[in-house]
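Chemist: Below are the chains, spelled out letter by letter.
2 protein chains.
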Amino acid sequence: MEVAVIGVGQTSFGTFPKKSLKALFFEAFQEALRDVEKGLDPKEIEEAWIGTLSTGGGQLGNQAALLCETVGLAGVSAHHVENACASGGFAFRNAVMAIRSGRCRVAMAAGIEKMTDLPRERNRLWLGVSGDVEWERLAGTNFPGIYAMLARRHMYEHGTLKEWITGVAVKNHANAVHNPKAQFRFPIDLERAMRAPMLADPLTVFDACGITDGAAVAIVCRADEARRYTDRPVMVMGSGAATDYLAIHDRKDLTGLLAARKAAAQAYKEAGVGPKDIQVAEVHDCFTIAEIMAYEDLGFCEDGQGGFLIRDGLTKLDGPIPVNPSGGLKAKGHPIGATGIGQICEIVHQLRGDVQEPIRQVKGARIGLTHNVGGSGGTAVVHIFRSPE
Amino acid sequence: MEVAVIGVGQTSFGTFPKKSLKALFFEAFQEALRDVEKGLDPKEIEEAWIGTLSTGGGQLGNQAALLCETVGLAGVSAHHVENACASGGFAFRNAVMAIRSGRCRVAMAAGIEKMTDLPRERNRLWLGVSGDVEWERLAGTNFPGIYAMLARRHMYEHGTLKEWITGVAVKNHANAVHNPKAQFRFPIDLERAMRAPMLADPLTVFDACGITDGAAVAIVCRADEARRYTDRPVMVMGSGAATDYLAIHDRKDLTGLLAARKAAAQAYKEAGVGPKDIQVAEVHDCFTIAEIMAYEDLGFCEDGQGGFLIRDGLTKLDGPIPVNPSGGLKAKGHPIGATGIGQICEIVHQLRGDVQEPIRQVKGARIGLTHNVGGSGGTAVVHIFRSPE
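Line order of the protein sequences matches chains A and B. Using my numbering, you'd call the opening residue of the first sequence number 714 and step up by one each time. Using my numbering, you'd call the opening residue of the second sequence number 714 and step up by one each time.
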């Protein structure tokens, strides 16, 4: 059973002290419903997955049921999925499996995070409690530190220059300027970013994403019924997912993420396409170095050559393989659980050719990919999509 | 694609200050592997779901990946599922869908909770943070209070007597005496339980389950390949799930759980059987009144007559429809995320006829049911199983 995306919606990503968890979710859900061209009765949604790590608002359990009742879906079978920063992508993977299994005709995959009002214990997530707490966090390291080590190793093994790494941020900020839903809508220049306060050498504050509130929703259905809902269904060609040791000291290689490589291989196999067929991608640039590694993990270039794609401008909006046209986690924002679904929203618009800001529209893209990573590579999930015929 | 359970395992349920989260999971996983009669190479497991609310040990995110690497499954696609006290049951539902979808041949569903070492913020879960925090918890109520209101309403509308409600605890403690893995292996008498310290009128401490550590694992595969692994595969006949308003003031009826009714209807429909066909059941008795309501929600009796089943001893081990032969949440223990999978372990043993303690074995049971509820009925999931041919 093939699966199609029939509607997507997301809030702006940013800091929203006046919007509750429920309000954010409602906004994204309503936008997704409106996005279903020929209309969808919400009651047709039979199963829902909501990805979130540590939702604000004080609710500790049963979040999926609570958010479903908030948008009028009380009664639906709902699941809360948590795979750190990859929660949204894994929520989508479950929805795809549910449709393929014949369990339901229409399903919802969503993601949400309200990070700016988290209580202290849960706000520590930023410091690395989705890495290996026992062996990494309690030894004093954290996510900026871990990604800094990965960056240093990449520089050491492959001669990657710091300016190429930070060049990821420059590119993604440039894209976000044209995305009204992005958190950081301003350009940055390389000099300034390189001189910015250091987080963990070689990564400065401009090499890291921010703390973000946001929600995103995608509605999927059986492909053979998709035309009832829209003339422009986007097909799910492949889904791949994998895990890895959380602690990086357990891994054989520090210049890439094995989970992402396995997830990509599975997704490419299901889709029957290869890296060269991908015409637009949203990848998980929680730190700039992560996007360089993603190029290699996804096969967009040979191992070790990710930096050249930035040096040569190949992944800019007008390059041969535009990456993170939305601005990416770096500049669009990274509301943990919402990120994976937000990536899917962007790719769906790109493949339908209806990105609202023409300057961000990748012309004629037919096949797109999303790449969503949890923690420092403990989990990863990749999806490949095809534009409407 | 039909689905079969080929192996189950669980730790003892109780208070284990010397066993880490990882140690508990390892123990349950190893037992499940050993339970696969003809052996299973763990590498055949392609996809895993782990249910947990708020795992101890300090790990906040990526728990599924962490636990998978602990048992040698690094690399597998793993998902952490959280639906409050129904997390385990929903993890199983996802694994069933994955097999049905053709995504994988062998999958794992697991549950775990280490409640006795939770930091203060997360230990508040017991007080009702899986109910509606905004509208119930912040108004001062908590789970004992909510279930006390449900009990009072049942007594008022249906003339249910307090001694029948507490009779659930007496029955379940009597069963747990014969279960070496149960947390509370002692009989209680009705008089003493009725006079015990009051939690929330009419519920005393003997009407509530405890705080528990534990883990449980179930391994499923495509039914057409099950005989490669075991001569006694237990078939999954049906899976049903639903949600409801978290806050009970939003519900039309307070004498039953609508989510459980919907989940049961869906499971019965898939299974092609009805309540009269069920010969053994594990139901969610977080409070004694919950088991009375479960009898009605599952159709074991007419609405309002749940109390009579206890009064007349119909759900005792030697009754026509034995319920909670394991001791139930009340006496076997309730390690939140592990509970739903623990129920499945018990039913699988019951249907294979290999319960280790003959006195707990329900003779000749061919069809069994599990009923797992999240919070005070915000989520519910029901599974129906058939014994090996």
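Source of the hints: derived by calculation from the structure; they are not laboratory data. Hints may contain errors.
Pairs count within a copy or across copies, as identical chains cannot be separated in the list.
Straight line, CA to CA, 27 Å or less: simulated BS3-like cross-link-like pairs of lysine-lysine [what the hints assert, rightly or not]:
1) Lys989 / Lys751
2) Lys875 / Lys1029
3) Lys735 / Lys756
4) Lys989 / Lys735
5) Lys989 / Lys1076
6) Lys965 / Lys756
Just so it is clear, the structure is predicted and the values come from calculations on it, not from any experiment.
Chemist: Could you figure out if Lys875 and Lys1029 sit no more than 27 Å apart (CA to CA) within one copy, between two copies, both or neither?
Modeler: within (18 Å within a copy, 71 Å between copies)
Chemist: Should Lys989 paired with Lys751 be assigned to within, between, both, or neither, using CA atoms and 27 Å as the limit?
Modeler: So Lys989 and Lys751 fail the 27 Å test inside a copy (34 Å) and across (44 Å) alike.
Chemist: If the cut is 27 Å between Cα atoms, do Lys989 and Lys735 qualify within a copy, between copies, both or neither?
Modeler: neither (41 Å within a copy, 41 Å between copies)
Chemist: Tell me, please, which holds for Lys989 and Lys1076 at an alpha-carbon limit of 27 Å: within, between, both or neither?
Modeler: Only inside one copy: Lys989 and Lys1076 sit 17 Å apart there, 61 Å across copies, limit 27 Å.
Chemist: Using 27 Å as the alpha carbon limit, work out where Lys965 and Lys756 are close: within a copy, between copies, both or neither.
Modeler: between (48 Å within a copy, 19 Å between copies)
Chemist: When Cα atoms must be at most 27 Å apart, do Lys735 and Lys756 count as within-copy, between-copy, both, or neither?
Modeler: For Lys735 and Lys756, the Cα distance is within 27 Å only inside one copy (19 Å; across copies 41 Å).
When each numbered hint is compared with the structure, violations occur for hints 1, 4.
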